[in-house]
Amino acid sequence: MTDTVRTTDRRFAVPGRIAVSEQAAAVWQTATLTEIRRETPHAATFRLAVPDWAGHLPGQHLMLRLTAPDGYVAQRHYSIASAPDDSGHIELTLDQVPDGEVSGWFHTVARPGDTVEVRGPLSGFFAWPGDRPALLLGAGSGIVPLMSMVRHHRGRGLTVPLRMLVSARSPEELIYGSELGAETTPVFTRSAPPGVPVGRLTAAHVAPLLAERPSGGWEAYVCGSNGFAEHASRLLVAAGQPVDRIRIERFG
Amino acid sequence: MNVTRGFTGRPRVHHPGLPPGQYDAGEDWPVLSAEVTPDLAAADWSFRIDGLVERPHTWDWDTAHALPASAYAGDIHCVTGWSKFGVRFGGVSLDAFLHVVRPHVSATHVIAASHTGYTTNLPLADLTGGQAWIVWEYDGKPLPSEHGGPARLLVPHLYFWKSAKWIAGLTLLDHDEAGFWERNGYHERGNPWEEQRYSGD
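So the protein sequences, as listed, match chains A and B.
With our numbering, the residue at position 252 of the first sequence is 245, and numbering never jumps.
If you count the second sequence from 1, you need to add 1 to reach our numbering.
Some hints could be false.
Unchecked claim - Per label pair, the in silico range of CB-to-CB distance:
id : chain 1 : residue 1 : chain 2 : residue 2 : range
1  : A       : G192      : B       : A67       : 34 to 40 Å
2  : A       : G210      : B       : D175      : 36 to 42 Å
3  : B       : G18       : A       : P201      : 49 to 55 Å
4  : A       : S80       : B       : V106      : 36 to 42 Å
5  : A       : I29       : B       : S146      : 39 to 45 Å
6  : A       : T108      : B       : S146      : 39 to 45 Å
7  : B       : D175      : A       : A197      : 37 to 43 Å
8  : B       : G18       : A       : S171      : 44 to 50 Å
9  : A       : G220      : B       : R13       : 25 to 31 Å
Note that these hints are calculated values from the structure, not bench results.
Beta carbons are placed, not taken as given, at the ideal position from N, Cα and C, and that holds for glycine.
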C-alpha cells in the first residue's frame, strides 16, 4: 500500500494505550456490600467485597448489574473510587440521579450484606499507573476516578507531580472534601467559603498549573459531564496542553 | 439468576428493538468520546478510501454531497448501555463511495480513521449492502461537532463506537487489525444483539 489514511501525517489526538490486564473483564463476579458512607447530600460511597478482584489501575471503571425477580437486568458503568490495594475490596461513589434506576436502588434500598454483580476492571484508556505527571480536572462526581489516582499517589508515596482542579457547586457538594489536600484546588460555582470567589473553572485556574510544567509535561485527565469536559478540555488546549495528552471521560 | 434484593427496575414494557443489557435513553444522546472535540469546519473535512481498492479516492465536502443522498431512520446502541430509538441521519450510503473506489476481492476488513486519529476496525461485509453511511445530518440539521460533525461514519447495527466520529477515511485490508477501543479491551465486532461488548464476549 502506498497511500493510507492511518499514517502519522495526520493530527493524532488520541493518546496511546496504557497496557492493563483485561483477563477479568469477561467474568461477572458477585460483590457484597460491606459499608455505605455518605459523602455529600447527593453522593455516597459503597464499599464492596470482591474476593476475586484482579486489581485495577486508578481511573478504570467496571460494569455493574442488578437483577430483578422477573429476570430484568439493569447494568451501568461506574468509575472505581478506591486505589488499587490488596484488601479484596473496591469502592464506588454514586450520585443519586433523579429517577436513577440503579443509583436509586443503591441510595434507597441497599444495605450491607446485599450482593450485586460486577465485571471488570474495564478500559485502560483513562487509567493512570502513576508513571507520568498527572493534571486532573473534574467536576461533580467526575472527581471519582481522579480520587482513585490521588489515593494511589498518596498510598504509594509517589513523588511524580500530581495536581487536581475540581469543580463543585458548594463546599457541601464537594465529594471527598475533607480528604483533599494541597494537591487540590477546589472551584465553587454556586457558593463558597468567605473570601473564596464563586464561578466556573477559567483559564486563570489552568494557567498556573501549566506554567509549572514538570519534566516530560503533564498527562491531563478530564472527567465530568459533557459540558464540563468540553469546557475544561478547551481551556487546556488554549493554555498549550498538547491535544494528544488529554484523556477525557464523559458522564453522559 | 442472581436476584438483587429489593430491585424491581423501573416500570417497563418490553421493546423488541432493545438488545439485551440495554436501556432506552429516551431523548438523551450521551456524548462518549475520549478525545478533545476537534474544530473541524465542513470546508476542511475530507474523506478518503484507500488500501486494497482499484482507485483510491478522496472526497471533499462538495464532492461527497454530489453523491446520491441516503438516509437512515432507526435505532442506535451504545456499548455503555443506552439505546436510542427512531433516530434519523442524513448523508450518503457507503456503497456509493465504495462503488467509486472498487474494492479488491481480497479486501476483507476495514480500518476507519477519524480526523483526530481515532481508529476502529470492521469487517468489510458490515459496511456494504445498505448497512453503513457517511452522515452529516441529524434530525434534519447539521450533525453537531460533539457527535462527530461535520461528518461521521454510521454503522447502526453495531455498537456505536464503530461509527467513528469526524470520519477521515477507510483503509481496506486483507486481514483484521484492532482499532483504538478494540486495543483497549472492547470486542472486535460489537454486535449488540449478541452482547459483544468486551474482548472474550
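Here is how each hint holds up against the structure:
1. G192(A) and A67(B) have their C-beta atoms about 48 Å apart, which leaves the hinted 34 to 40 Å range violated.
2. Evaluation of the 36 to 42 Å hint for G210(A) and D175(B) yields a pass: the beta carbon distance comes to about 39 Å.
3. A hinted range of 49 to 55 Å for the beta carbons of G18(B) and P201(A) is consistent with their spacing of about 51 Å.
4. Between S80(A) and V106(B) the C-beta distance comes to about 57 Å, which lies outside the given range of 36 to 42 Å.
5. Taking the beta carbon of each, I29(A) and S146(B) are about 40 Å apart, inside 39 to 45 Å as hinted.
6. Checked against the hint of 39 to 45 Å, the C-beta distance between T108(A) and S146(B) comes to roughly 43 Å, which is consistent with it.
7. Distance hint check: the CB atoms of D175(B) and A197(A) are about 54 Å apart, inconsistent with the given range 37 to 43 Å.
8. For G18(B) and S171(A), the hinted distance range of 44 to 50 Å is satisfied, since their beta carbons lie about 47 Å from each other.
9. Judged by the Cβ atoms, the range 25 to 31 Å given for G220(A) and R13(B) holds: they are separated by roughly 29 Å.
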